[in-house]
Amino acid sequence: TIDRMSNGKQHDDSNKNASDKFGAIQIVSKESGISSSSWHISPRPSFSYIPYLNGLRAIAVLIVMGRHLGFSEYFPGGFGVTIFFFLSGFLITRLLLAEIETKSKIHLPNFYIRRFFRLFPALLIMLIVTGLVNRFVLNFEVGFPDVAASILYYMNYYAAYLHACDQAWGVGGWEVLWSLAVEEHFYLLFPIVLLLREDLRIKATFFLIIIPIGMRYFYYFLMPDAAFYIFRATETRIDSLLWGCLLSLVLSSNKGRKFIEEHFFSSYLFWVSVIFLLLIFLIRDVEFQSTIKFSLQGALLFIVFIQLLFTNHHHTVKAILESALMRWIGKISYSLYLWHISCHVVVSHVGGVSGIQASLISLALSLVVAHLSYHFIEMPVVQLRKRYGAHVKA
Numbered sequence: 001t002i003d004r005m006s007n008g009k010q011h012d013d014s015n016k017n018a019s020d021k022f023g024a025i026q027i028v029s030k031e032s033g034i035s036s037s038s039w040h041i042s043p044r045p046s047f048s049y050i051p052y053l054n055g056l057r058a059i060a061v062l063i064v065m066g067r068h069l070g071f072s073e074y075f076p077g078g079f080g081v082t083i084f085f086f087l088s089g090f091l092i093t094r095l096l097l098a099e100i101e102t103k104s105k106i107h108l109p110n111f112y113i114r115r116f117f118r119l120f121p122a123l124l125i126m127l128i129v130t131g132l133v134n135r136f137v138l139n140f141e142v143g144f145p146d147v148a149a150s151i152l153y154y155m156n157y158y159a160a161y162l163h164a165c166d167q168a169w170g171v172g173g174w175e176v177l178w179s180l181a182v183e184e185h186f187y188l189l190f191p192i193v194l195l196l197r198e199d200l201r202i203k204a205t206f207f208l209i210i211i212p213i214g215m216r217y218f219y220y221f222l223m224p225d226a227a228f229y230i231f232r233a234t235e236t237r238i239d240s241l242l243w244g245c246l247l248s249l250v251l252s253s254n255k256g257r258k259f260i261e262e263h264f265f266s267s268y269l270f271w272v273s274v275i276f277l278l279l280i281f282l283i284r285d286v287e288f289q290s291t292i293k294f295s296l297q298g299a300l301l302f303i304v305f306i307q308l309l310f311t312n313h314h315h316t317v318k319a320i321l322e323s324a325l326m327r328w329i330g331k332i333s334y335s336l337y338l339w340h341i342s343c344h345v346v347v348s349h350v351g352g353v354s355g356i357q358a359s360l361i362s363l364a365l366s367l368v369v370a371h372l373s374y375h376f377i378e379m380p381v382v383q384l385r386k387r388y389g390a391h392v393k394a
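Be aware that the sequence shown starts at 1, since it is given in the working numbering, and climbs by one per residue.
Treat each hint with caution, since some may be false.
As the list claims (entries may be wrong) - Calculated cross-link-like contacts (lysine-lysine; reagent style DSBU-like; alpha-carbon spacing at most 35 Å):
| # | residue 1 | residue 2 |
| --- | --- | --- |
| 1 | K203 | K103 |
| 2 | K258 | K105 |
| 3 | K103 | K293 |
No lab work stands behind these hints, which were simulated from the structure alone.
Sequences are here, hints too, so could you generate the full structure?
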């Protein structure tokens, strides 16, 4: 998804030369000018399955759920969304670049159709079920504007409008849909960058990364209570996706791969980046949180993703990410993201429980509902997606 919350394994029959589960694979070094044994998987654009991505999705969704299920003091839910954004930008760009390499073009209508079938069916069922529960079980008012903002992917701006008017927003769990709006806007805009000449793509992406930084400072100093808007608006958050795009673009060129290997392959960079990511959570200054924080997180995730996906370091961390539990949570992460707040609302209002008990019951219910959504809604549409060029296993 996503792909943020991609539910399948991208595959390429030509990519069968992995030496072992955590070993390096051999790539053509004469063309790239880099050591063939240095890379854990091929950095070149490919439709092939990337190990550890489902584990990273699992980490992201668990961080988000931790915040929403009663542990907001310990889980930085916004960072979980930022991981999803980075992952989406990275994977979508990698897949589109692979399409360019194999077909010499991007078929934009097919791309948009694939995105529609990837995201909308599960979203629609969630909206129907939770809308009925909100209205007839929880007695929450569900208005047409809420539905329209959800299915037309402008919940981020609708939420900002309601917040500015001091009105409640996020009917019974729908508040998480703001991030889907940001991603949809990204899907509409960024593929156009890939239509540029190869030597201009990285420059254009760098330029696009800089724009949101300026926008955040502009809003922060000129807009009252700007933090709410800045956190959700597409023009202030799209750089979190663009950092992932940048990684795929750099890895798509021989010069970029050589630069990455020479400057980002030292194992200590992973732990330095993780430490700095943790330190960022300790800075509570509102200006920092609303402006430069997202840029720093994107740059640090750039390093973390290189270290985890492409180097031969950190085998223990990789083993955890590729564990059966983490891969399962990663596969159902999109549905988990959609359903977890609604499940928590139902448990809290109907179950008559609270505190840690409500959190644990909500977690269990969310996992069950997401598992069902994945198998009975997401997976049946895989064949439809494959008709339009998706490289996923049914």
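For each hint, the structure was consulted:
| no. | hint | in the structure |
| --- | --- | --- |
| 1 | K203 with K103 | holds, 24 Å |
| 2 | K258 with K105 | holds, 25 Å |
| 3 | K103 with K293 | violated, 38 Å |
Of the numbered hints given earlier, the model fails hint 3 alone.
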